[in-house]
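Protein chains in written order, with the UniProt record's numbering: chain P, 1 to 286; chain W, 1 to 302.
A hint or two may mislead.
Result set (DSS-like, lysine-lysine): computed pairs, CA atoms no more than 27 Å apart in a straight line [as the list claims (entries may be wrong)]:
#	chain 1	residue 1	chain 2	residue 2
1	P	K97	W	K117
2	P	K97	W	K116
3	W	K72	P	K164
4	W	K72	P	K168
Over 10 Å on every C-beta distance to chain P, these chain W residues come out as not near it, computed from the model [said to hold, decoys possible]:
#	residue
5	N68
6	P121
7	V122
8	I129
9	R185
10	S190
11	Q233
12	I261
13	M266
14	L269
It is worth saying that the hints were derived from the structure and are not from the lab. All residues carry an ideal CB built from backbone N, CA and C; glycine is no exception.
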Amino acid sequence: MKYKKLLSLLVLPILAVSLSSCRIKIKGEQLTVVGSTALQPLVEAASDEYIQSLDGVFVNVQGGGSGTGLSEIQQGAVDIGMSDLFAEEKAGIDPKKLEDHRLLVTGIAPVVNKKVKVTNLTSKQLKDIFTGKVTNWRDITGQDLPIIIVNRANGSGTRYNFEKIVLKGQDAKSAQEQDSSGMAISIVSSTPGAISYVSFSYLKDSVLQPKVDGVKPTQANVRNNRWKIWSYEHLYTQKNPSALTRSFLNYLKSDEVTEMIKSMKYIPTSEMEVSRDVSGHVRGAK
Amino acid sequence: MDPIRESLLKTSKKTRRERRGRIITFACILLIVVMVAALLLFVTFKGLATFFVNHVNPISFLFGTNWNPGQKNPQLGALPMFLGSILVTIFSAIVATPFAIGAATFMTEISPRTGKKFLQPVMELLVGIPSVVYGFIGLTVFVPLMRNLFGGSGFGILTATLVLFVMVLPTITSMTTDALNSVPRNYRESSLALGATRFQTIYKVVWRSATPGIMTAVVFGMSRAFGEALAVQMVIGNAALMPHSLISPASTLTSILTMGIGNSVMGTLENNALWSLALLLLLMSLLFNMLVRWIGRRSSLK
């Protein structure tokens, strides 16, 4: 008797939790999208539009980072995982289990504090800065101002792609790190001598956006690969996703969302004039 | 059967109610104990995986100075973060303690009425402010201030110390106040009766006899500083480098942990390494707790 009551007391909260989670599912279908914070605002905005057209469907969009997106989709805990990286590039992920939907491309641009008068950087200079070979702007612009590197967090997708393309396999110098692109750009705008890199959608006039090898960071230049620092944003699903997942993915490729993508300074994959594979080989065909 | 006899032999309503109450409280405690044990076991298992599954040398983990868990040749040296955590904790306690003792003494010995009316509400207000606000103020006020005063980027242990100082001050102050209040009234009266001045009484009698309580307060403040993640992460710069000066970017266990956990995949070395940091953090807070108990026990012997 004593133990039965005790048991029921322990079981009750568990029952309550599982029941409350059931209730959402009974009401209608739901999709869960988790991962890269770079893609989160777009998918959130698109999902708002999407659920208005369908009754009883709920799309739950969460951040958490590329690593979270990839590991959750691999476990089948979510319907779609957002990632800045190819699944092949992340340790612990089996790409054969996943289906890659490349939705869009984002350019990544170096940003520099306005006190540094720099309009153009060569890719070698950029590499020297982030590997720590050059530590003062004196050697680049002639101004005596120490270089303050603001990196993104270890393991961040933006950082991975930037270092892959700019540093070409060399180790980056250990430096200050920031969790989010927004924070990185606000630190660069307020710290003399600071340099960082953000995806195009975060670019602001409060910082300088130098050309790299004479090429301006614009969407047009990314399209034809003249601006080389860009990466795909992937939506990963498991093989053979549900009908609802497919329908949402199709919606993300609709004209309506394509307009949204462009207005947020991303480039839809369909508009790219080149394609690039995991190992970095660029092909001219669409 | 005789109804009186029957009522005497049966369990009464009150006994049954008491039993029910005992079962409920016992179940609650059991649930908490199970939860704590599960948490400890989980963090321990995940944290030890780095050493048993990935075969990282624990010595090189604790004393290594390079932290690059995601690279092809991963380097796992947690010393920079550990040192960062320890330094901001100790410095903020050193800065906050005199202020806290001063404020507490003012509130209990010098002007209890003003203390109760103004200082106490202010301290309680400070506790209620979310840590992200402290971090934001640190970022917008302290970071530029430190940059202008000392150069560099403004991010670093010094700025983190200042932010943590404000955050631990109310904790230390309120516990010190309690400690001073619990000093028996007759101690003060005897001291004054012997001809001691008020300052002599405070210095030689009140503080002396409240020392264990004050020490407990400081350790509590330190454990808050050690575990604080968000506010510190915003102002310390998060560079996994050995801190070579107070104004160069450094990192703490918590800041590296919160930044990295979303970017790694469960079960990989990168992820396990972060769990090892969490284990280190857990062990340190256990140490702080034990320290508090030890101080408490020592003072009760007197």
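Consistency of the hints with the structure:
The hinted pair formed by K97/P and K117/W fails the criterion: a straight-line CA distance of about 65 Å is larger than 27 Å. With a C-alpha separation of about 64 Å, the suggested pair K97/P and K116/W falls outside the 27 Å cut-off, and the hint is violated. As the CA atoms of K72/W and K164/P are separated by approximately 13 Å, the hinted pair is consistent with the 27 Å bound. Taking the CA atoms of K72/W and K168/P, the gap is near 14 Å; set against the 27 Å cutoff, the hint holds.
The beta carbon of N68/W is not kept farther than 10 Å from every beta carbon of chain P, the shortest such distance being approximately 7 Å. Listed as outside the interface, P121/W is consistent with that label: its C-beta sits roughly 33 Å from the nearest C-beta of chain P, beyond the 10 Å cut-off. Under the 10 Å C-beta cut-off, the non-interface status given to V122/W relative to chain P holds; the minimum distance is some 30 Å. Residue-level check passed: I129/W sits 20 Å from the nearest beta carbon of chain P, beyond 10 Å.
Once the 10 Å rule is applied to beta carbons, R185/W is consistent with being away from chain P; the minimum gap is 46 Å. No beta-carbon of chain P is positioned within 10 Å of the beta-carbon of S190/W; the least distance is around 54 Å. At roughly 7 Å from the closest C-beta of chain P, the C-beta of Q233/W falls inside 10 Å, breaking its exclusion from the interface. Not every C-beta of chain P lies more than 10 Å from that of I261/W, the closest at about 8 Å, which undercuts listing it as non-interface.
Against chain P, the non-interface label of M266/W is violated: not every CB pair exceeds 10 Å, the least being about 5 Å. At roughly 7 Å, the least C-beta separation between L269/W and chain P is not larger than 10 Å, which violates its mark as non-interface.
Comparing the model with each earlier hint shows violations of hints 1, 2, 5, 11, 12, 13, 14; every other hint is respected.
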